[in-house]
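Read off the chains here:
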Amino acid sequence: MSATLGVIATADAFARGEISAEAATAAALSRLHSIANLNAIAALNPDAALEQAQAQDRARARGQTLGPLAGVPMAHKDLFFRKGRASHCGSIIAAGAVSDTTASVLTRLDEAGAIDLGTLHMAEFALSPTGYNEHYGHGHNPWNPGHICGGSSSGSGIAVAARAIPASLGTDTGGSLRHPAAACGLTGLKPTHGAVSVAGAMALSATLDTVGPLATNARDAARIMDVIAGEDRADPTTAWAPVLHHEAALTGQIGGLTLARPRGYYEGELDATIATALNDAAATLAGLGATLVETTAPEMAAANAFAHLVMAVEAATLHRHWLTTRPQDYAAQVRARIEPGLCYPATAYAGALMRRGALARDWIETVMGGADLALLPAFPIPLPTIAKTTEGAAQDVARVIGTLTRNTRAINYLGLPAIAFPIGFDEAGLPIACQIVGRPWSEPLLLRIADAFQQEIDFHTRQPERAAP
Amino acid sequence: MIDRTEPQHDACQRHAALIAATLANIDALPPLPFDASPQGFAALKAEGEQTR
Numbered sequence: 000m001s002a003t004l005g006v007i008a009t010a011d012a013f014a015r016g017e018i019s020a021e022a023a024t025a026a027a028l029s030r031l032h033s034i035a036n037l038n039a040i041a042a043l044n045p046d047a048a049l050e051q052a053q054a055q056d057r058a059r060a061r062g063q064t065l066g067p068l069a070g071v072p073m074a075h076k077d078l079f080f081r082k083g084r085a086s087h088c089g090s091i092i093a094a095g096a097v098s099d100t101t102a103s104v105l106t107r108l109d110e111a112g113a114i115d116l117g118t119l120h121m122a123e124f125a126l127s128p129t130g131y132n133e134h135y136g137h138g139h140n141p142w143n144p145g146h147i148c149g150g151s152s153s154g155s156g157i158a159v160a161a162r163a164i165p166a167s168l169g170t171d172t173g174g175s176l177r178h179p180a181a182a183c184g185l186t187g188l189k190p191t192h193g194a195v196s197v198a199g200a201m202a203l204s205a206t207l208d209t210v211g212p213l214a215t216n217a218r219d220a221a222r223i224m225d226v227i228a229g230e231d232r233a234d235p236t237t238a239w240a241p242v243l244h245h246e247a248a249l250t251g252q253i254g255g256l257t258l259a260r261p262r263g264y265y266e267g268e269l270d271a272t273i274a275t276a277l278n279d280a281a282a283t284l285a286g287l288g289a290t291l292v293e294t295t296a297p298e299m300a301a302a303n304a305f306a307h308l309v310m311a312v313e314a315a316t317l318h319r320h321w322l323t324t325r326p327q328d329y330a331a332q333v334r335a336r337i338e339p340g341l342c343y344p345a346t347a348y349a350g351a352l353m354r355r356g357a358l359a360r361d362w363i364e365t366v367m368g369g370a371d372l373a374l375l376p377a378f379p380i381p382l383p384t385i386a387k388t389t390e391g392a393a394q395d396v397a398r399v400i401g402t403l404t405r406n407t408r409a410i411n412y413l414g415l416p417a418i419a420f421p422i423g424f425d426e427a428g429l430p431i432a433c434q435i436v437g438r439p440w441s442e443p444l445l446l447r448i449a450d451a452f453q454q455e456i457d458f459h460t461r462q463p464e465r466a467a468p
Numbered sequence: 000m001i002d003r004t005e006p007q008h009d010a011c012q013r014h015a016a017l018i019a020a021t022l023a024n025i026d027a028l029p030p031l032p033f034d035a036s037p038q039g040f041a042a043l044k045a046e047g048e049q050t051r
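Which chain is which? The protein sequence lines are U and X, in order. With the first letter of the first sequence counted as 1, position 435 gets the number 434 in numbering that gives the first Met the number 0; the numbers rise by one all the way through. With the first letter of the second sequence counted as 1, position 28 gets the number 27 in numbering that gives the first Met the number 0; the numbers rise by one all the way through.
Hints listed in this document are in silico derivations from the structure and should not be mistaken for laboratory results. Heads up, the beta-carbon is just placed ideally off N, CA and C, and yes, glycines get one too. No incorrect hints appear here.
Stretches of chain X that chain U covers, calculated by requiring three or more beta carbons in the stretch to come under 8 Å of a beta carbon on chain U:
| no. | region |
| --- | --- |
| 1 | 9-18 |
| 2 | 23-36 |
| 3 | 39-45 |
Example chain U residues on the side facing chain X (calculated, C-beta under 10 Å, incomplete):
| no. | residue |
| --- | --- |
| 4 | H192 |
| 5 | A240 |
| 6 | N303 |
| 7 | F305 |
| 8 | A311 |
| 9 | A315 |
| 10 | L322 |
| 11 | T323 |
| 12 | L341 |
| 13 | A349 |
| 14 | P439 |
One-sided and incomplete, this derived list gives chain U residues near chain X with beta-carbon spacing under 8 Å:
| no. | residue |
| --- | --- |
| 15 | G193 |
| 16 | A347 |
| 17 | M353 |
| 18 | R354 |
| 19 | A359 |
| 20 | W440 |
Excised from the complex, chain U in its bound form (with noise of 0.2 Å):
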């Protein structure tokens, strides 16, 4: 089933004529259907589909130029708006709203040819790092349906691993696409704040928001990055993006790179399995011709705490009025989120922005240390099951979900490019993830390094059997 091969696997077979894309579509079409217990999919969109694909057909039966994504089926998190569509962003309170615009990211896939399926499930205005959705229900992981698939990117982590699409957009304000990537056994990457538009996704915080490819593998996440990366009018963060060559990038090669291993903070709370696959990884790059140094990383609470406020501040401000008339349409954990943020003085807004530039430059100078990119855990322990992080004393919940997110939201605070992918698997079958942290544009360095990693050692290729296709 041509839904089942990647990015380029299908763009290539597309280009070649062995497949049709409205074989390609159809295929990918019935494969998210056949999923339908993992609540991947938020609504698809198949008559409008299948016109997309038919079109690329017709483009290449006239010989015209394709685009480097023709014939490649996707679907993206649902909070990607498309003019005349309606997206719930997970939640009641913004369901049946049609918008009257398309994401810049949307408009760069259908002009690289890709065809857009319709929307993937995700967490309630994307406020979760677990796939948890008390509307709609929570995503289930493809490896197993007990565990958290990740989120708040979750339909496009499970539709993704159990390769029922081939990719998909995400978005990252603390660690949305790096969770669904590390739960689901997939290459996450969350680019630079500035790198790829957000315009014409829901904001949940501009300071921290970024939107970004899921894939099996960092080839396929290049070749994403390459169409939708770059400035654009349309959201002025992205003025100072240079124009970065992705898929160029994967030379192979990663001789004379400098890899951070940091201690300190990074090791708090860190399971022993993990550290092991995470010595494991770094081995396997110095194997490859990385230079391994060890770096102190200091204690996070700074960033951390910074990273928390400006959500929280940015999010209650767009949910203000919501938050007032309709606060019963919100889940309690999701609210939890969002509420302190009606409640910070405007001086620690406002200082958290001041400061922004300058603790980025710290943890660049100490966890980095010279070093060109930083190895760092993912989640730093097993996948909990959905229970764990539902069920239970609040304190309990709260601690749990801290500990998944403490090594992934402070990095968007500090605005930094990172990349997350599977490293090995735990005794329980479980994928087990790092990622790997950057200077701002390092975007082709993170995918040559995790492409080279995938080179040499295939977990990136193993699939759930229990969503098999």
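Put chain X on the given structure of chain U with help from the hints.
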């Protein structure tokens, strides 16, 4: 003095411990230098572009 609505006041009471802990972490930082600006992060990105 901020005049808060009743639901807002309730919310601030509910999350008082988290808010206090967050502000304590921020208060522990040294004073901001007088040239601090929200543009500091944009400057870092621009620097990254020059040295890339």
